[in-house]
Amino acid sequence: MTSSAQANVSSPVRAEKPQRKQMSDMTIRNLFIAPTLLLLIAMNVFPLFYSLYLSFTNYSAIARKAPVWVGIENYVNILTDPQMWQYFNTTGKYTLLTVSLQVVLGFALAMLVKEKFAGSGIVTTLILIPMMLSPVVVGLFWKYMYNPSWGYLNWLMGFTNPSVAPDWLASSWARKSVPGLALFAVVFVDVWMWTPFVMLLVLSGLKAIPDYLYEAAAIDRASSWFQFWRITVPQVAPLLMIAILFRTIEALKSFDLVMGMTGGGPGDQTEVIAVNLYRKAFLGQWQTGEASALAYIVLIIIIAISNLYVRYLNRLREG
Amino acid sequence: MATIELRNIEKRFGETYAVKPFSLTIQHGEFVALLGPSGCGKTTTLRMISGLETVSGGTIHLDGANITWQKPGYRNMAFVFQFYALYPHISVRENIAFPLKAEGMAKSDVYKRVDEVVSILRIENLLNMRPGKLSGGDKQRVALARALVRKPAAFLMDEPLGALDAEYRESMRAEIKRLHLSTNATTVYVTHDQVEAMAMADRIVVMSAAEVQQVGTPADVYHAPANLFVARFIGSPGMNLLAGPRRGEKVELPGTGNIYTIPAPQREVLQAATPEGKNVIVGFRPEAAMLNEQGALTGEVYATDMLGAYKLLHVSFDSDTVVHIRCDRMVSHPIGARVRFDLDPQQVRFFDATTEKAIGPTQSAGTAPISVQAANAQEKAA
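Taken in order, these protein sequences are the chains called A and B.
Its first residue numbered 445, the first sequence is counted upward by one per residue in the numbering used here.
Its first residue numbered 145, the second sequence is counted upward by one per residue in the numbering used here.
Watch out, some of these pointers could steer you wrong.
Straight-line C-alpha distance at most 20 Å; calculated EDC-like pairs for lysine to aspartate or glutamate [as the list claims (entries may be wrong)]:
#1 B:Lys256 with B:Glu268
#2 A:Lys560 with B:Glu149
#3 B:Lys295 with A:Glu694
Selected chain B positions facing chain A (in silico; Cβ < 8 Å) [claimed, not checked]:
#4 Gln214
#5 Gly217
#6 Phe225
#7 Phe227
#8 Ala229
#9 Pro243
#10 Glu247
#11 Ala250
#12 Asn269
Which stretches of chain A does chain B cover? Using the computed rule of at least three CB atoms under 8 Å from a CB of chain B, they are [to be verified]:
#13 655-666
#14 670-678
Don't read these hints as lab results, they were simulated from the structure.
Predicted model, so just to flag it, every value in this text is computed and none were measured.
The beta-carbon is built from N, C-alpha and C at its ideal position, and this holds for glycine as well.
Next up, chain A with everything else stripped away, as it sits in the complex (with noise of 0.2 Å):
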């Protein structure tokens, strides 16, 4: 029944039209792909190679004006400000500081929930937590927390009266000014946020070591030091290095938790550079031109800095 149903339908259909047979496997493919293709170009290549002539403008996107030809003015009044140096400065400091404490820490954090104890699962799935939240939520909640007079984190640590307490984000201890702690209290959360990703990684590298390389080394009357420095350290360092080149490149760039968090503030004491492109491109000044080269030239260094993890990542594959 159904059968003889089915090809009663089917036929008249394929009399009627015959193309939709004759389409090849190819047009079917280039179909389905030409939507994602179009997008793309819209929203990446095109904006990618306009900035990139908007960087030699001076251009204003509210300035009813057409683009003028400035050649590389932008880069040079970049690279000889003073100002520009500190916020690159601000920048690689945060870098250092989050990238290593999220290395030392993840690193240790893996050690820990590889071994298996009641409820491991469960504690690594805890761990993994921040990672999973958006950054502005997590700006926002954490600014709460540090709030000097209500905050959450004061009273944890047994301030009670604000005019003694820590005003983390505003760099100032007992209304003293300690300068650096804002940038601190930011690097704190980057590193609260994404250790769990470095353990992720690390995890994985360390639940991939097979078990008679340390039996081996047993035999061969290691240390637990020697074994962790010569077996373990060098078999996850390929997904550590992944970890690494992740980490440095988001904290290169690393926006909305600084922008949620201090705005750059007190004065300028945690003006990340991408900070810095946000206040020149958007922030009422509006140099869309000056900002379209600042962003090339932080493209320019994280590619740089990715290119010498990823020679230095194949030089360990390779062994």
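Given chain A's structure and the hints, the job is docking chain B onto it.
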């Protein structure tokens, strides 16, 4: 000197035995093979000796000193792993140097010793390579060198040839044997390959189902297996085993007219061990049968395997019973032909049909009595 003494060692996981209690003394310089099918507990036994696995009971002694709870690295024994366990990220030279560096030897001495070992194994050309680039045989040579470098009192080898291609296996077998003879270190060697065990070992410990089945020289386990398991497991094909009721000095074997007369020296023992009319198992190796037109036993040729140097006849007694007979490669019998043969009385063994244990001696003629006994839990209970 390294005499390894196992006293009633056992390994249990909950109620399940991985190794049932047994005792064994391995003399200095002896090459002992632990042989058995996978899962029989041979590797667990070796790992207990090495200290990689703890014992559930019993003690292990090295030259009289109790080392049962000593850490693996401090037992002065080297372990060779089936999958080499070379450190992948460092060169061959560093791999071999690893045990010496781990114990903090001075650098100049380390490489002097590495060079010595390397020349013994003739792997000078591999020194600067990473383990990943080596063939299986070379990897195992490097692993042997690493084991050798600390001049251990004993070598423990866990199927070192198991992961190798057949072409390397035989040459590596000879190499390990040569190494053993030149270092004269006590060696315990785990394998599931009975040819390997027969070819290399001074003594074989046959294990099955967590239990030691027999301890003996290769000749012992081949010619005088202690029970049916050993009889079947050793040799390829295994021993021919035929069951039949004993009537007086004769055994009625399957097939028509197959009456086997028990050789005179064994009659008394056999009559004492099996009641009249009860089954007894007659065992003989394929080469113990001699084709003979006046032979007492007869069957039909079922298949013939030409194996180059000799021919293997499959002779069926009845639909359930096929025996293997080794004969000259020039002998030709068509399938279905009836053949008659005799058994060499020196090479016939008898087994109890219910306990499956050998009746009579479990040492082949001409071997010195061994000071070792395998006392398993059942025997102790009995």
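Going down the list of hints, with the structure as the test:
no.	hint	result
1	B:Lys256 with B:Glu268	holds, 13 Å
2	A:Lys560 with B:Glu149	violated, 35 Å
3	B:Lys295 with A:Glu694	violated, 52 Å
4	Gln214	violated, 11 Å
5	Gly217	holds, 3 Å
6	Phe225	holds, 5 Å
7	Phe227	holds, 6 Å
8	Ala229	holds, 4 Å
9	Pro243	holds, 4 Å
10	Glu247	holds, 5 Å
11	Ala250	violated, 16 Å
12	Asn269	violated, 19 Å
13	655-666	holds (count 10)
14	670-678	holds (count 4)
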